[in-house]
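2 protein chains.
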Amino acid sequence: MKTAAKQDFPVSEIRRYLEPGPIVLVTSKWRRQVNIMTMGWHTVMEFSPSLVGCVIAGGNHSFELIRNSRECVINIPAAKMIDTVVGIGNCSGAEVDKFARFKLTEVKADKVKAPLIQECFASLECRLADDSLVEKYNFFIFEVVKAHVSTSPKYPQTLHYTGNGVFTVSGKNISRRALFRPEHL
Amino acid sequence: MKTAAKQDFPVSEIRRYLEPGPIVLVTSKWRRQVNIMTMGWHTVMEFSPSLVGCVIAGGNHSFELIRNSRECVINIPAAKMIDTVVGIGNCSGAEVDKFARFKLTEVKADKVKAPLIQECFASLECRLADDSLVEKYNFFIFEVVKAHVSTSPKYPQTLHYTGNGVFTVSGKNISRRALFRPEHL
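Chains as they are written, first to last, in our numbering: chain G, 2 to 186; chain R, 2 to 186.
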């Protein structure tokens, strides 16, 4: 799958990619194990430091890799990757090397050991910032420490999961910038 | 604005409406004050109990109403309400009666004091379930205790905020149900 070149992107501005609520692919690495999982339960929590909260259920093979390494990468797939996304979500890293099975390309990250997925248009390197709600809710708060984003297209189509096997694809963009107070943008 | 009739919807299934990441309108009531705010930083956290986590910044007039009442309603506007959504996000409940200014209709909720917004296609009555991260991150964990959803359309177009005054509108739906393991739907 061809992908555009990526550039560094300000970590304080990653709400642009996460706030719309796309399904994401989370990569993790602990010792010699590498894995990928799909994740739809996430929210931006702060601009600076750049915080993202997400639920990673204890049943996932990735849970222990992330809890032990205290790191991950949040990769955002474009809509054309739908079958890869569904495939990754329906097998376990305990049985399958997902990079090999889904023909994805590992790229070395700058600040964490988990790899970036080259085929995704954005990759956010994350370090665990707060684990106080992990025991109770499987809720991890990460700090995005480095962001890589494709230079084009400007607004890639993304996948938004509704449950029951159905995804909504993102559609057109509408600007209402002129109606905002500057401090509310 | 015309709206379809609403029916009760199972609270354990509200991920269908929230997981795709729409911008929402949060209503609150404390003593005689009622308010509405826009909110884009939220995530589903659990099916049952039905938990939703969200960030409500301390600068919002709604913050104290919600912290004091320990309740709110999360209302989901369809895309046609974009100018109402932008308007609500760019004035303060400390100065304006937003229901009056934006010609919205208050509907009495069943289990909380905050009103539903009739013009929204879904309204989720919420009670504060966990405030342990409110001080540190303005992060509220609510339990959805009652859900009201319009009977049609089946998948209303929603608004997804990217920052900088730009919204992405939800597009077409794609089912990959046949490729899912039943327990992964």
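Quick caveat, the hints were computed from the structure, so don't treat them as lab data. Using N, Cα and C, we set each Cβ at its ideal position, and we do this for glycine too. Fair warning: there could be bad hints in the mix.
[What the hints assert, rightly or not] Okay, the calculated beta carbon distance ranges per label pair:
| # | chain 1 | residue 1 | chain 2 | residue 2 | range |
| --- | --- | --- | --- | --- | --- |
| 1 | R | His185 | G | Asp98 | 38 to 48 Å |
| 2 | R | Glu107 | G | Lys104 | 23 to 33 Å |
| 3 | R | Arg71 | G | Lys104 | 26 to 36 Å |
[As the list claims (entries may be wrong)] Each computed DSS-like pair below joins lysine-lysine, with the alpha-carbon atoms no more than 30 Å apart:
| # | chain 1 | residue 1 | chain 2 | residue 2 |
| --- | --- | --- | --- | --- |
| 4 | G | Lys137 | R | Lys81 |
| 5 | R | Lys81 | G | Lys173 |
| 6 | G | Lys137 | R | Lys114 |
| 7 | G | Lys104 | G | Lys137 |
| 8 | R | Lys114 | G | Lys114 |
Hint check:
1. The given range of 38 to 48 Å is broken by R/His185 and G/Asp98, whose C-beta atoms sit roughly 19 Å from each other.
2. Here the CB-CB span from R/Glu107 to G/Lys104 is close to 54 Å, at odds with the stated 23 to 33 Å.
3. Checked against the hint of 26 to 36 Å, the pair R/Arg71 and G/Lys104 fails, with Cβ atoms roughly 50 Å apart.
4. Distance restraint check for G/Lys137 and R/Lys81: the Cα-Cα separation of roughly 38 Å exceeds the 30 Å cut-off, and the hinted pair is therefore not satisfied.
5. A hinted pair counts as satisfied when its Cα atoms are at most 30 Å apart, and R/Lys81 with G/Lys173 qualifies at roughly 13 Å.
6. For the hint pairing G/Lys137 with R/Lys114, the CA-to-CA distance comes to about 28 Å; that is within 30 Å, so the pair holds.
7. Distance hint between G/Lys104 and G/Lys137 is unfulfilled; the C-alpha atoms sit about 35 Å from each other, more than 30 Å.
8. Straight-line distance between C-alpha atoms of R/Lys114 and G/Lys114 comes to about 49 Å, which puts the hinted pair past the 30 Å bound.
Hint compliance for this structure: hints 1, 2, 3, 4, 7 and 8 are broken, all remaining hints hold.
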